[in-house]
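Could you slot chain B onto chain A? The hints should help.
Spelled out, the chains give:
2 protein chains.
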Amino acid sequence: MNDTAFLTACRNLLGRDHVLREAADTDAYLTDQRKRYTGRALAVLRPADATQVAALVRLCVDHGVPMVPQGGNTGLAGGATPDTSGRQALISLRRLDRIRQVDAENMTLTAEAGCLLANVQAAAAAAERLFPLSLAAEGSCTIGGNLATNAGGTAVLRYGNTRELCLGLEVVTPQGELWDGLRGLRKDNTGYDLRDLFIGAEGTLGLITAATLKLFAQPVARMTALAALDSPAHALALLNLAQRMAGPLLTGFELMSHFCLQLVAQVFAQQRYPFAHPHAQTVLLELSDNESEAHARDLLERLLSTAVDQGIVRDAIIANSLAQSNALWHLRESIPLAQSATGLNIKHDIAVPVSQVPVFLEATDPIVQRLAPGARMVTFGHLGDGNLHYNVMAPEGVDPAAFLHQYQTSVTAAVHDSVHAHHGTISAEHGLGQLKRDASAHYKSPVELALMRALKTAFDPLGLMNPGKVLPG
Amino acid sequence: MNDTAFLTACRNLLGRDHVLREAADTDAYLTDQRKRYTGRALAVLRPADATQVAALVRLCVDHGVPMVPQGGNTGLAGGATPDTSGRQALISLRRLDRIRQVDAENMTLTAEAGCLLANVQAAAAAAERLFPLSLAAEGSCTIGGNLATNAGGTAVLRYGNTRELCLGLEVVTPQGELWDGLRGLRKDNTGYDLRDLFIGAEGTLGLITAATLKLFAQPVARMTALAALDSPAHALALLNLAQRMAGPLLTGFELMSHFCLQLVAQVFAQQRYPFAHPHAQTVLLELSDNESEAHARDLLERLLSTAVDQGIVRDAIIANSLAQSNALWHLRESIPLAQSATGLNIKHDIAVPVSQVPVFLEATDPIVQRLAPGARMVTFGHLGDGNLHYNVMAPEGVDPAAFLHQYQTSVTAAVHDSVHAHHGTISAEHGLGQLKRDASAHYKSPVELALMRALKTAFDPLGLMNPGKVLPG
Numbered sequence: 001m002n003d004t005a006f007l008t009a010c011r012n013l014l015g016r017d018h019v020l021r022e023a024a025d026t027d028a029y030l031t032d033q034r035k036r037y038t039g040r041a042l043a044v045l046r047p048a049d050a051t052q053v054a055a056l057v058r059l060c061v062d063h064g065v066p067m068v069p070q071g072g073n074t075g076l077a078g079g080a081t082p083d084t085s086g087r088q089a090l091i092s093l094r095r096l097d098r099i100r101q102v103d104a105e106n107m108t109l110t111a112e113a114g115c116l117l118a119n120v121q122a123a124a125a126a127a128e129r130l131f132p133l134s135l136a137a138e139g140s141c142t143i144g145g146n147l148a149t150n151a152g153g154t155a156v157l158r159y160g161n162t163r164e165l166c167l168g169l170e171v172v173t174p175q176g177e178l179w180d181g182l183r184g185l186r187k188d189n190t191g192y193d194l195r196d197l198f199i200g201a202e203g204t205l206g207l208i209t210a211a212t213l214k215l216f217a218q219p220v221a222r223m224t225a226l227a228a229l230d231s232p233a234h235a236l237a238l239l240n241l242a243q244r245m246a247g248p249l250l251t252g253f254e255l256m257s258h259f260c261l262q263l264v265a266q267v268f269a270q271q272r273y274p275f276a277h278p279h280a281q282t283v284l285l286e287l288s289d290n291e292s293e294a295h296a297r298d299l300l301e302r303l304l305s306t307a308v309d310q311g312i313v314r315d316a317i318i319a320n321s322l323a324q325s326n327a328l329w330h331l332r333e334s335i336p337l338a339q340s341a342t343g344l345n346i347k348h349d350i351a352v353p354v355s356q357v358p359v360f361l362e363a364t365d366p367i368v369q370r371l372a373p374g375a376r377m378v379t380f381g382h383l384g385d386g387n388l389h390y391n392v393m394a395p396e397g398v399d400p401a402a403f404l405h406q407y408q409t410s411v412t413a414a415v416h417d418s419v420h421a422h423h424g425t426i427s428a429e430h431g432l433g434q435l436k437r438d439a440s441a442h443y444k445s446p447v448e449l450a451l452m453r454a455l456k457t458a459f460d461p462l463g464l465m466n467p468g469k470v471l472p473g
Numbered sequence: 001m002n003d004t005a006f007l008t009a010c011r012n013l014l015g016r017d018h019v020l021r022e023a024a025d026t027d028a029y030l031t032d033q034r035k036r037y038t039g040r041a042l043a044v045l046r047p048a049d050a051t052q053v054a055a056l057v058r059l060c061v062d063h064g065v066p067m068v069p070q071g072g073n074t075g076l077a078g079g080a081t082p083d084t085s086g087r088q089a090l091i092s093l094r095r096l097d098r099i100r101q102v103d104a105e106n107m108t109l110t111a112e113a114g115c116l117l118a119n120v121q122a123a124a125a126a127a128e129r130l131f132p133l134s135l136a137a138e139g140s141c142t143i144g145g146n147l148a149t150n151a152g153g154t155a156v157l158r159y160g161n162t163r164e165l166c167l168g169l170e171v172v173t174p175q176g177e178l179w180d181g182l183r184g185l186r187k188d189n190t191g192y193d194l195r196d197l198f199i200g201a202e203g204t205l206g207l208i209t210a211a212t213l214k215l216f217a218q219p220v221a222r223m224t225a226l227a228a229l230d231s232p233a234h235a236l237a238l239l240n241l242a243q244r245m246a247g248p249l250l251t252g253f254e255l256m257s258h259f260c261l262q263l264v265a266q267v268f269a270q271q272r273y274p275f276a277h278p279h280a281q282t283v284l285l286e287l288s289d290n291e292s293e294a295h296a297r298d299l300l301e302r303l304l305s306t307a308v309d310q311g312i313v314r315d316a317i318i319a320n321s322l323a324q325s326n327a328l329w330h331l332r333e334s335i336p337l338a339q340s341a342t343g344l345n346i347k348h349d350i351a352v353p354v355s356q357v358p359v360f361l362e363a364t365d366p367i368v369q370r371l372a373p374g375a376r377m378v379t380f381g382h383l384g385d386g387n388l389h390y391n392v393m394a395p396e397g398v399d400p401a402a403f404l405h406q407y408q409t410s411v412t413a414a415v416h417d418s419v420h421a422h423h424g425t426i427s428a429e430h431g432l433g434q435l436k437r438d439a440s441a442h443y444k445s446p447v448e449l450a451l452m453r454a455l456k457t458a459f460d461p462l463g464l465m466n467p468g469k470v471l472p473g
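Top line first, the protein sequences correspond to chains A and B.
In this text, residue positions in the first sequence follow full-length UniProt numbering: the first is 1, and each later residue adds one.
In this text, residue positions in the second sequence follow full-length UniProt numbering: the first is 1, and each later residue adds one.
Hints listed in this document are in silico derivations from the structure and should not be mistaken for laboratory results.
Don't take every hint at face value.
Identical copies carry no separate label here, and so any pair may be met within one copy or between two of them.
In silico DMTMM-like links for lysine to aspartate or glutamate, alpha-carbon gap of 25 angstroms or less [unchecked claim]:
1. Lys444 with Glu177
2. Lys35 with Asp83
3. Lys444 with Asp49
4. Lys444 with Asp180
5. Lys444 with Asp460
6. Lys444 with Glu164
7. Lys35 with Asp399
8. Lys444 with Asp103
If we strip away everything but chain A, and leave its shape as in the complex, we get (with noise of 0.2 angstroms):
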């Protein structure tokens, strides 16, 4: 290979200002959002729209040069991020960022995959619909990373994952050719679902550059509580009394341990455990009303004390205001953050059925205590759809890092195999990248694995798309 034929061309293709090789321009693309992996990359290459994205994949083809597509570089699990080779060029599809078509009446908009989430949910917002996508990130996370890697979130419980939520696609494939999948259809069965077969592939199938994207009514009033339970299995029937009185305006349901609050309560002074007395779990609930505040509170408020009445529930709190909603969540979202400000945890984005959850944690807590004597477990996470964050600290007074050096392999492994034998996943909504790459290829069948390398093979049978991502080499 010519690097300096290849560079060449890129810099006639793009423009000089955006073919990056110096460390100081290169740098915030090389290292990923964790921190975990810094890689090297031959150059940053900054397409400004898909032709451009289609010529430069057919540059790279001709010259044999790996390609590493990136959106925001908010990924958690290394997918994004070049190895240390410095062979790879990383395609930044940031400047994609045009939202280029809001149908209002079909409930659909078409974005570039550059395209900020928060800027996807605006462009909803300002045609009077929803965007339901909703995730910490989404002020730097683009949308095609997100599909990149069918993001989950907070609202899949109603609205489903980043999957669920797009109708059609435009990608460049491996050869640098442009499939027009962009359709706004709610129906279409014309043959095989290439659409799908690209989301959540991490790009190495292909490219992609721009979506068509499902909108919905925006509702009119969320209402949010707390409720108090004693355990996991009560936290599992609030759950099926609350799917059977509201329906589909169950929009959220978040459970946090009392370990997480108490974390939070520590760290951030001003954010106090919101009940009177300590109790084993809190819920956090939210519906989603087409109708009015009211009504929604009195469904809300009926909910409760039906909970209450059944013993299902200890303690409730509904806020009274959209100020006290955004607190309730803000608690739920501080857990991470107060994660992060005591040290580094053994974290585990899993994710079993949501039936399976209280027996899941019954069985892996003692085993967690087993390898990790007094490590302290920070679980909380979507309970509505089964996903935890299953995250391990160190026990009180131990140095994090010492403890993450010692027992991450361990506890991780002993985790992933409860989560295995209790039929989940364990990558509930990150995806695998290079972090979970081998630990996944461990757990799939000899079937499934063959069946995902005959994919690979025949779309990408040069093995120039994201290699190393999603499965082992």
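Below, chain B without anything else, positioned relative to chain A:
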């Protein structure tokens, strides 16, 4: 190929009663529902379970026998009918009819491919849950067939197609290996989306033997209304208003032209036109409510009176009872029956973006009239998801069969061209099978066809899985 050796091996595997070769036994399997296609088969094979299916596929591979999977044989595109060579084996999945598991707390149910859709609905109801897939053939179609064709139906507006209702699959690959992908997880980001690749592939990439399906809380009330309107544009305005006011409670939104209801009244004397005066269009709306019948009625009344105030709706009827609700739905369901009773129609199962329905009809009706003067339009369907059954009936007094013979090719080509020009699909919910295989390929881009062929070759290099369906040979 040695037929005798193959058939003997089949008998040894399945038992002699499940290898059918006599016309009296096989005829029902070899002609499709609409009697468009009649094929021949080397044998009709009836495996008892997934293990037998896998062994049978290996036998077919060993003997080079092409396979045609079949569920309830209710498909509308000839996807489950073998060719006329007599060299293909028809594999009926009907004996795989167990509900393997109902996990009410996880809101999932695992059913084998041969379960009738009605039995899946009943198993969900027995656990006080809803499986929302609903279509005319539900008493005779199988869930495996629903998955293979990604069936739609009347509740897609709220619950999505069969694809959106499936969490996991068990599949026998074209190599006769069993893939256990029966996950009951709402979030799982560990690699390529194999599930959605098999869904809608009409048995050309593998054979679905079981599925884990999503359940929902059972609504306590369903409330139905008819609204009389002046035009499809008014129907679209009503849809947007209903989505805004009722949000996810809106579960049905069906459009019926005046001619459709006239036809029903003409054929079925007891089903009179429901309004005092004729109106160009009628919409059937349905709300499903988890609170109470009173709440649903109040909301529906407010919605319709707002629509009347805004000049969108001319007249409205709200059902007073479940019996009356059923009678309103019966009107809608009688349209295809009335069509059949009055002779063959040129039928189209199309979808366009919901916002494009009025302009599509305005543009296409005159095209049809120019080609076939006096033809009568039987336009009805699922406006809520843009899916219309855009059917063309012979002019008054013209023999339907002669009309069909003369105009089918030209009218269908013109309708499909117009659908394509309006960014729509020529098969919204029926699939391609052999009926629309070539027409669909005509409208697909070379890139998309190449990707589909790459998938087919990667999964089924010998081309033995339902050959000649979905993709042109």
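Hint by hint, here is what the structure shows:
no. : hint               : verdict
1   : Lys444 with Glu177 : between (31 angstroms within a copy, 14 angstroms between copies)
2   : Lys35 with Asp83   : within (14 angstroms within a copy, 58 angstroms between copies)
3   : Lys444 with Asp49  : between (37 angstroms within a copy, 23 angstroms between copies)
4   : Lys444 with Asp180 : between (32 angstroms within a copy, 10 angstroms between copies)
5   : Lys444 with Asp460 : both (21 angstroms within a copy, 21 angstroms between copies)
6   : Lys444 with Glu164 : both (24 angstroms within a copy, 23 angstroms between copies)
7   : Lys35 with Asp399  : within (19 angstroms within a copy, 75 angstroms between copies)
8   : Lys444 with Asp103 : between (41 angstroms within a copy, 23 angstroms between copies)
When held up to the earlier numbered hints, the structure conflicts with none and fits them all.
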